[in-house]
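Enquirer: In case you want the letters, here they are:
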Amino acid sequence: MPIIFHDISKKYAIKTEREVAALDKVSFTVEEHEFVSIVGPSGCGKTTLLRIVAGLIKPDTGQITYQGKQNPSAVMVFQDQGLLPWLTVRDNIGLGLELKRVPRSTRHKQVLDFMKLVKLDGFETYYPHELSGGMRQRVALARAFLTNPDILLMDEPFGSLDAQTRIILQEELLNIWRAEQNTVLFVTHDIDEAILLSDRIIILSDRPGRIQRSIHIPLERPRELVVKDTPKFMELRWQIWTQLEKEVRKDLKLT
Amino acid sequence: MANLDAVRERSTKRLKIDLRQFSLAEYIAREREHLITLGLVAGFLLVWEALSRLGKISPIIFPAPSLILRTFVDSFVNGAFTKDLVISLTRIFSGVLVGGGAGLIMGLIMGWSRSTRKILDPIVAALHPVPKFALLPMVLIIFGLGESSRTVMVSIGAFFPMLVNTMTGVLQINPTYYEVVENYGATKLDIFRKVVLPGSLPYVMTGARLSIKSAMTITIGVEMVFGNTGLGSILWLAWETMRLVYMYAALLIVSIIGLGSVLLLDTLKKALIPWHHENRLA
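Chains A and B, in that order, are what the protein sequence lines are. Residue numbers for the first sequence follow my numbering, so the first one is 1474 and each next one is one higher. Residue numbers for the second sequence follow my numbering, so the first one is 13 and each next one is one higher.
Here chain B stands alone, though its shape is the one from the complex:
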């Protein structure tokens, strides 16, 4: 019975917040560091706002944060950025799907099969450090000026972080876990389902995070070079036409995409790997 009570208590503990006992002093003491962080950011924005409005810094180069925010909100209301936002998100997503997906499969194979790893690892080791953006001219020659060049570039960027992390994920699995399932007569498929896949999942999640990050960087970069569609092109165009408030608003959108992807992955992590130590304290 005591055991069952412990289970119940564990599941309800998080929901218990007694409002009668709420004390502002305690709250401030507990959240001190977070409040200081907030204060620093708010202070920085306030000083920027004041200096920009007073003309102490150029309002053209550093438009007031309130103005940037209004442009940001307006752009959603009038749909100025919507088309480009969707285009950029599609590019990031398809790059992660194609490149990250290929990286995941290759990483699992290279992690699990020693001979495949021995054959391919030197090639991966040689290609991985090449700055992927340097490949753009070559990709343009091979795939032309259309959308496929952009997808190939973003996919290449998403491929390597996923591959390397997934492979590491499979390699760090404790060998005893394989013996446990083999001892019970597991087939290859069982070993994959019960050990290889779940065991490498924490590293796969890290790979996904870096893969998305890389896909975003290359998407924005490629869009700047092409200059006709996507958030990267808005950033570039805003600079060329000196409408910098648009540049800052677009930057804000790009940061939100980045932040959103991290939050999404954190949520996914809690659902997929509840057993992992990163989640233990949560």
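Okay, chain A solo, but in the shape it has when bound:
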């Protein structure tokens, strides 16, 4: 069953006298187990869209439907600061289950099993400040996947990491996703990242965000990092960039 995003619009009031439209009648469909990335110029409403899906803000119009019900369960992986500093790694990973009232003993077992799977075992009693930025995002990913929602939302989860750590975490995400097969909506600025990870890339226009194009990524899975060196990958990168460039130039008033 696909997740249907229908007619989503959102305006923000600036100092009550002026309104800025962030999203304008955005409609698209995400298939079950599909990995979809959203790219677009700064301020195009990518994050607004994710926050609407996460239930953190309400849209002015539109709805999200899945299996005939409104608002599918959605869990967000934040760019950073997504871990609670006062919880250990184990409690941070188990937070989603705890808030869903999964009893302690089952929860602990599930958390430990999952930590082994993503090679985080041994760090159960660490606090987030004792971990590197890359480790913290691994923990954040583990929590999101373990909660197993209808749709996973990722808001530039690797945006604050250095280039090398970023590559490793992209591979790690590919590995976890291969095993878990969750439906993912992924926001990024990084075109390479989007191509490497996604089945499909949605390009949003400059404000107000509208869907400019949806590009299917026909690269075979499972994907390895070497796929970046293939002519197909480079062709896709160029195709997406030329689309995106127009929108970025509009944003910068450079047209």
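I should point out that these hints are in silico values taken from the structure, not numbers from a laboratory. Beta carbons: idealized from backbone N, C-alpha and C, even for Gly. Take these hints with a grain of salt, some might be off.
Claimed, not checked - According to the in silico footprint, chain B covers these stretches of chain A (three or more CB under 8 angstroms from chain B):
hint, region
1, 1543-1551
2, 1568-1578
Claimed, not checked - Example chain B residues on the side facing chain A (calculated, C-beta under 8 angstroms, incomplete):
hint, residue
3, Asn186
4, Thr188
5, Tyr189
6, Glu191
7, Val192
8, Val193
9, Glu194
10, Asn195
11, Tyr196
12, Gly197
13, Ala198
14, Asp202
15, Lys206
16, Trp287
17, His289
Got chain A; can you put chain B on it based on the hints?
Expert: Then chain B, alone, in the frame of chain A:
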């Protein structure tokens, strides 16, 4: 496996002190600043002792430190101060419990609820800077000359630092933390348990420290004015009767209470907020 080894090493590292490798020169080099501090204090006390014994300074106004220490020890042996010590400690404790407790609750509410904050913040801002001791006559008129006036005074003193710090503690919590738990469908109670309370705890601890400090100041002050019970009354009586060695001994007790409360809170802090940056280097 490497991870588990790291955990184990981390937990045992602190306990490893190899006595065979102990070297006095290294110890002095490492603890240089601490040793200088100790030296300064010891030197000051020695000079005081000598000058007082030689009569170069008045032994009545500045009795020798050894004499003060003996009076201090004797007072515990014969129980001269015990009753007043217990009375003062009870006043400080009940003031912190009542005033600090109320400040904590109000601070959490005002930090969390924007409209409550908007309504009450101007009132708090107006009352907070009033020197609390100036309220004594008014409190005496309303609550009379009994123990309740003292408790009210100490509670007022303990209330504001706790309120202001707790409120700041809630307000400085990163908004993303609220979104994280809300995204998982947290109830109001969940948000309170998982974000508001733990997130503000470092500031609550600071509030508690200032609250105790304020409670001590007002307890001693009020006891001096009343002059019948508590360590403050001993200080005052010692001055009035010129038995200054008792005054210094009582001062020593008061300082130890202050120091003890700080040590207690530091221990509590390590246990309650092990994740906080103040504890990272410990």
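Enquirer: Hint by hint, note whether the structure agrees.
Expert: Comparing the hints with the structure gives:
Figure legend: the region 1543-1551 of chain A, annotated as covered by chain B; annotation consistent (4 residues with Cβ-Cβ distances under 8 angstroms, at least 3 required). Remark: the region 1568-1578 of chain A is confirmed as covered by chain B, as 4 of its residues place a Cβ nearer than 8 angstroms to a Cβ of that chain, reaching the required three. Nearest Cβ of chain A to the Cβ of Asn186(B): about 6 angstroms, under the 8 angstroms cut. The hint holds. Taking 8 angstroms as the C-beta cut-off, the interface hint given for Thr188(B) holds, the closest approach to chain A being about 4 angstroms.
Checking Tyr189(B) against chain A by beta carbon gives a least distance of about 6 angstroms; that is within 8 angstroms, so the hint holds. The interface hint given for Glu191(B) is met, as the beta carbon of that residue sits about 5 angstroms from the closest beta carbon of chain A, less than 8 angstroms. At a threshold of 8 angstroms, the smallest CB-CB gap from Val192(B) to chain A is about 6 angstroms, leaving the interface hint in force. Nearest Cβ of chain A to the Cβ of Val193(B): about 6 angstroms, under the 8 angstroms cut. The hint holds.
At a threshold of 8 angstroms, the smallest CB-CB gap from Glu194(B) to chain A is about 6 angstroms, leaving the interface hint in force. A cut of 8 angstroms between beta carbons decides the hint on Asn195(B): the least distance to chain A is about 5 angstroms, and the hint holds. Interface restraint check for Tyr196(B): the shortest CB-CB distance to chain A comes to about 4 angstroms, inside 8 angstroms, so the restraint holds. The closest approach between the C-beta of Gly197(B) and any C-beta of chain A is roughly 6 angstroms, which is under the 8 angstroms cut-off, so the hint is satisfied.
At its closest, the beta carbon of Ala198(B) sits 5 angstroms from a beta carbon of chain A; the interface hint therefore holds under the 8 angstroms criterion. Here the hint on Asp202(B) is kept, as its CB sits about 6 angstroms from the closest CB of chain A, short of 8 angstroms. Evaluation of the Lys206(B) hint against chain A yields a held restraint, the C-beta minimum of about 7 angstroms falling below 8 angstroms. For Trp287(B), the suggested interface contact is upheld, since its CB lies about 4 angstroms from the closest CB of chain A, less than 8 angstroms.
With a cut of 8 angstroms, the hint placing His289(B) at the interface with chain A holds, because the nearest CB-to-CB distance is about 7 angstroms.
Violated hints are absent here; each numbered hint is respected by the structure.
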